[in-house]
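S.K.: Protein chains in written order, with UniProt numbering: chain A, 1 to 433; chain B, 1 to 433; chain C, 1 to 433; chain D, 1 to 433.
One or more hints might be untrue.
You can't tell identical chains apart in this list, so a pair holds if it fits in one copy or across any two.
[To be verified] Straight-line alpha carbon distances no greater than 20 Å define the calculated EDC-like cross-link-like pairs of lysine to aspartate or glutamate that follow:
#, residue 1, residue 2
1, Lys77, Glu234
2, Lys216, Asp140
3, Lys65, Glu129
4, Lys282, Glu268
5, Lys162, Asp73
6, Lys233, Asp394
7, Lys233, Asp420
Derived by calculation from the structure, the hints in this document are not laboratory data.
4 protein chains.
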Amino acid sequence: MFKIAVIGGGSSYTPELMEGIIQRYQEVPVSELALVDVESGREKVEIIAALTRRMLKRNGLEQVKVSVHFTLDEAIKGARFVLTQLRVGQLAARAADERLGLQYGMLGQETTGVGGFAKALRTIPVLMEVARKVEALAPDAFIINFTNPAGIVTEAVSRYSKAKIIGLCNVPVTMHHMIADMLQAKREEVALRFAGLNHMVWVHQVTQQGRDVTAKTIELLCDGNALSMNNIKEIPWPPAFLRALGAIPCPYHRYFYQTRAMLEEEVEAAQSNGTRAEQVMKVEAELFALYADPHLDHKPEQLSFRGGAFYSEVAVELIQAIHNNSGKEMVVNCRNNGAIQGLPNDAVVETNCLIDAQGAHPLSFGPLPPAMNGLTQQIKDFERLTIEAAVHGDRASALLALVTNPLIGNLASAEALLQDVLRINQPWLPQFN
Amino acid sequence: MFKIAVIGGGSSYTPELMEGIIQRYQEVPVSELALVDVESGREKVEIIAALTRRMLKRNGLEQVKVSVHFTLDEAIKGARFVLTQLRVGQLAARAADERLGLQYGMLGQETTGVGGFAKALRTIPVLMEVARKVEALAPDAFIINFTNPAGIVTEAVSRYSKAKIIGLCNVPVTMHHMIADMLQAKREEVALRFAGLNHMVWVHQVTQQGRDVTAKTIELLCDGNALSMNNIKEIPWPPAFLRALGAIPCPYHRYFYQTRAMLEEEVEAAQSNGTRAEQVMKVEAELFALYADPHLDHKPEQLSFRGGAFYSEVAVELIQAIHNNSGKEMVVNCRNNGAIQGLPNDAVVETNCLIDAQGAHPLSFGPLPPAMNGLTQQIKDFERLTIEAAVHGDRASALLALVTNPLIGNLASAEALLQDVLRINQPWLPQFN
Amino acid sequence: MFKIAVIGGGSSYTPELMEGIIQRYQEVPVSELALVDVESGREKVEIIAALTRRMLKRNGLEQVKVSVHFTLDEAIKGARFVLTQLRVGQLAARAADERLGLQYGMLGQETTGVGGFAKALRTIPVLMEVARKVEALAPDAFIINFTNPAGIVTEAVSRYSKAKIIGLCNVPVTMHHMIADMLQAKREEVALRFAGLNHMVWVHQVTQQGRDVTAKTIELLCDGNALSMNNIKEIPWPPAFLRALGAIPCPYHRYFYQTRAMLEEEVEAAQSNGTRAEQVMKVEAELFALYADPHLDHKPEQLSFRGGAFYSEVAVELIQAIHNNSGKEMVVNCRNNGAIQGLPNDAVVETNCLIDAQGAHPLSFGPLPPAMNGLTQQIKDFERLTIEAAVHGDRASALLALVTNPLIGNLASAEALLQDVLRINQPWLPQFN
Amino acid sequence: MFKIAVIGGGSSYTPELMEGIIQRYQEVPVSELALVDVESGREKVEIIAALTRRMLKRNGLEQVKVSVHFTLDEAIKGARFVLTQLRVGQLAARAADERLGLQYGMLGQETTGVGGFAKALRTIPVLMEVARKVEALAPDAFIINFTNPAGIVTEAVSRYSKAKIIGLCNVPVTMHHMIADMLQAKREEVALRFAGLNHMVWVHQVTQQGRDVTAKTIELLCDGNALSMNNIKEIPWPPAFLRALGAIPCPYHRYFYQTRAMLEEEVEAAQSNGTRAEQVMKVEAELFALYADPHLDHKPEQLSFRGGAFYSEVAVELIQAIHNNSGKEMVVNCRNNGAIQGLPNDAVVETNCLIDAQGAHPLSFGPLPPAMNGLTQQIKDFERLTIEAAVHGDRASALLALVTNPLIGNLASAEALLQDVLRINQPWLPQFN
């Protein structure tokens, strides 16, 4: 029996997570769910808390306590797991990032490019505060971080605090489901070997019941299967590229390999339906209207359009594997420790790990092939410069981060862009003031 | 249903292995056991085959075919697993190694020092021949190597052939049982983190139900628990050393840290009861007398004095984990691939791995602490020079190997020692002729 | 007294080189200059040979033999230095590269992007042939390579032959002269610490009489000093970028950091004066008209517009340092050997080396800072994939090379571009036929 | 014109150093020599100061000021070079180390084994105090360290202070002279490529006028040339070992490869003439009697028996190369920075460096061959554990250091030995109190 604190408990994703916990309650016997949010999000988090209580009741789990908090201390104290799924500045800040990118003729994606950069600057100080509270009040707890840019945020905490942290993303699990479907196989029969960074991860091998079916999977992809996420446009990969690579890019690689097409799509969407954040705001408004219904006692269908498929699946799997010391293989974001050669030991990478009560232990992978190494190095350098900027409020690192990212990479406008980022996000960037 | 070839099937250990397979037959559904030995070992291997058939019958497994071979081809063809547990030159050669070491005032241990060196020179050519047959006749098979010096032999095959090979040793499993006993816990509740080389491996962490109990285990060891194998003298470790190290050496470390005491014990034993090989010869003679009894249909008690406790446990676990693609964590000898930083990628190391149908995937460990690194590097260098000598018949590498090993390390007598090794083992060293 | 072979002796640069040798004849006592060119370049190489003889005579060095060859063997046999400054397909092929790049909306620069890629594919087979002749006929000779893309070509020979090779570029020496001028100091008082790749090299430290003046130099650059070469547009670097970087980029970095502006300039030049190659063709025609004048017995002024300033300075310095075993510090392209951490040992890098009779010994540099590492890794990966493509005729590597280069990086058109490159250059790409 | 501070100015070596400075005064124009010693060494340092003034006067250099100090501040303030050649506890402490080693049946050598360990514990705190003074009072100064164990002491300062430090030893220069003599060549025609650790360094290549003569040199050594120092017994290396190694060990390697013979020689010497320290005490007494002679105005012949040949040669060469920013190649002890792969970047190594006003820049060497790597790693680990013990007063590191050193390596007596070291040296080990 253990306590879970959910930082950003008022998120529209929370019911997804709660459903996962309820379904696997035997394996993850939670005693308390402590939802934390900011005071300005009081209404939302209380809607979520009430819905959670109804969901628990429907499943005969009234004994699970649901508490609501607007400061960290009480929520974190004594927790076994601290889930971080917060959004500093909320969707309005994300929309501002997206619009700023487009204004400069750049991709305005949430987790990379200038959007990911701005979000990291806003988010890292808050996560560091959570980590310091965990160090003091729940030193054995694991922080399980979903907050994007998940790789950067996880690395900042991993390097600058003693709190234990593991980053989670739904890209690997989504690819797993999709590839199993392509192979017309059960998910548990199919295993994928991932190595890379968050939102820049490759599948290097696919096995089905232990046999290597990587080439077969690539041919299926060459045959028109697009392998995307519902928030990323399904531009197919050129077959010659996939065959030459001998591996499977993740959907987010499109931002780097097909930048122009992705930008055109973003521009068009922004003009017609609004940017992704603007669309999500509408979805969220609808979701909270549903959540507030006192008769609703289950996760509503509509949440599946939100984009976070399988989040609860991986979160509950991870909690279960740690709690039960199970030695399960999972794909998470953690300290590299030499697993991917050529990246620093203290870099956070996304790769297959064995999970037990001590945390995540990455399997040795070796070096990335040349066609993947350079881009990965460049993005990792961007991430590390961004972390330096975010943790120390260092403008030089911030400028170099922007220049290093290939989605920004326009030296001529980098300074102006940085000034705009710092000005627009000024309320959330105490480290630069 | 699959076929297992056992190279060195006439070994006195084979009944141990057979018992393991029989007990876990549901998980390892063997269709054929192909026992291979040299013509001069015909009597022994036929005794073993007959005993195996009786053991199978007793357990209602008459459908498992037991075949006997004196050449490799038929045995290896179509096998899924090729177990190598052979002894080139048999115990007489081992006894000669031991006597040679003592004659030079050196330890004459079978797996390190001059004994391990000589055994590697004799064994590697035969294992390379097995590997070439596997490449040609059973390219998907795994060689599971128990043959000592297991780390060196496994590395030679791993680097100089395309055959898949995993090395096994009963030291990690024996330490696991002993430490669990010390902690008065069930083995499955206790997990050990190993990293090092075969017969030079440390336990870096002990957990019990997921909690770190390394310091507690060290204190138990300081309190007189000796943690040894039944073929290594139980000299206790000085408490201050264990506490400073913060880790647990394996029993074989005594040869390096307590060389003088171990040598004195060897000298005394050689004078009274004979060297270890000479003692084992007597045990073996008794064992084969038992095995030949047509009424014996189970593994006799006396085998437990032979020294190979838990061999069958780890062998069957490994076969099971590969066959069932189970993702189980085990401690085996395999290609380092960056797991232990500072050792070459193609060095074979002994460490915790995730085992599935693709083989062994070591968990990233990071660098060894300074107090362990230097000795490990030195032994690995000895191993690599020995492999060069054994594969290419290169005398310069052979001499440097002897000089590099701290148990030999006597430059003055190294050349004479090398000449003696090459002379005594001349029948088994075609590569030097 | 030694022999120098000049492969591509009919180059318009040759008189520059000859002038250098004549001026420092005491230090580089040449007995023979063997000029080699293709049969179709017979007229040019004979013009150069005649001019060289007149230049030697004017300086009282008639004893130096000047020979002309149309096959490699006689020229290379017994040479101490083999200078490679050839241009496969001549300027017409370069012009085609430039036009092809522009047709795809990409930079068509000679040494990077698609132009550098195509030039590498054409050039590497010829250089490998030179290397094989050197291995056989002059195994102690040094190949001194000026042929662009110099880093890629040098690495191909370094990795795929046993011939000794050092690559030279005039970028470091030009930066040295310019920075000394900016500091109003003599060149010999100013020292620069370079580390990077050919045409992607940074100055990490500037010292003047031993004192660090890096920050002062950066401020001078921020104040409007443009630091360029006469074939690269002088776009100033943003001061905030230079200060954040704390280092000085080379002129070629503009292609990567200011891609759009450089492309616009190329497009405009191509429309008005022709591409760079087309302009150079005119310059060359004028130069050869001058060279052919039987009264000319010195290097004409007009050669300085050709772009190869200081080539002869570094070439003669290098020959002198090797010949005299002088231990001189120079910036050359050679095997990394760990000097720049994070790049492979067998990668060719451009950095400060100690030069003696054994060749070039790079000074240990350590890792590149994050803001430089990623881009460098990406370009090195591009280079290595290009080498695989060029040496083995491997289309998959060729496609991945194009996709990896950030100046190409357009996945959508990469295949079509590759097909165009292979088609246009078909006469010079036997490895792909 | 610059000031040199000499810490340990009362050393009997000082006249050697002074002679070197006087001979090369044009290149090293010293304005002041500030001799520092402890109060108890007042008599000696004043004898040295007076002798130095007479030597200067004889050479017409009365303008060079010679000052004597018993605290660091005034001596270090404004110095350009701080030479450290001190001996904490003086020869009596060294003699105690030697006797202690012999008492335990171990080598009692001054710079390695238990003697080197004890000397490092005594010396590092004093050197750290010097370094802190340099940081504060002469931040641009170079510390030039001769104090043994020079590699360990230099690394301690290099890692734990910001002061610039270069370690010097006379082993490389002595080997250079000896090998040139063997080759019957001038020293300046012969170049040696060193890589290793202080007192554990190999010559990997010998060139004569640029041509590789390594094999020839090895054959000369095989032919009876012993290559030793006048304080190390000349046991010849077995020819087969030298040929297999393909490199030349330094004289100190004998302690590791020929331990027994060296120990026997030490035991015998201790019984007949006294330990090395005891012999040196007599030599020193005689030397100071000579030095005190008011008519002596040059370095006396007898100093050459003291063992420090060529110290002044390398010291003055180094001062000259830094002062004149000369880019000279020298063999010194400095931060590895990747030069020897497999050793940490911050390890101090002994290898060929380019010396200029910025300090020592090691040439990239690559990995050590297997026959050298393991021993080097082990000694470096010993050194690093010793540094941890010395800097932090950490007993666990101290015990592990002793156990790690192959000359001690006797686990059974390690604790007692450590207690004896700490007890005997108690006055000089404030960090352990």
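S.K.: All hints are to be evaluated individually against the structure, with a verdict given for each.
M.R.: Taking the hints in turn, this is what the structure says about them:
1. Lys77 <-> Glu234: neither (44 Å within a copy, 47 Å between copies)
2. Lys216 <-> Asp140: between (44 Å within a copy, 19 Å between copies)
3. Lys65 <-> Glu129: Answer is neither: 25 Å inside a copy and 60 Å across each miss the 20 Å cutoff.
4. Lys282 <-> Glu268: within (18 Å within a copy, 47 Å between copies)
5. Lys162 <-> Asp73: Close inside one copy (17 Å), not across copies (41 Å); limit 20 Å.
6. Lys233 <-> Asp394: neither (35 Å within a copy, 32 Å between copies)
7. Lys233 <-> Asp420: neither (28 Å within a copy, 29 Å between copies)
In this structure, the hints that do not hold are numbers 1, 3, 6 and 7, in rising order.
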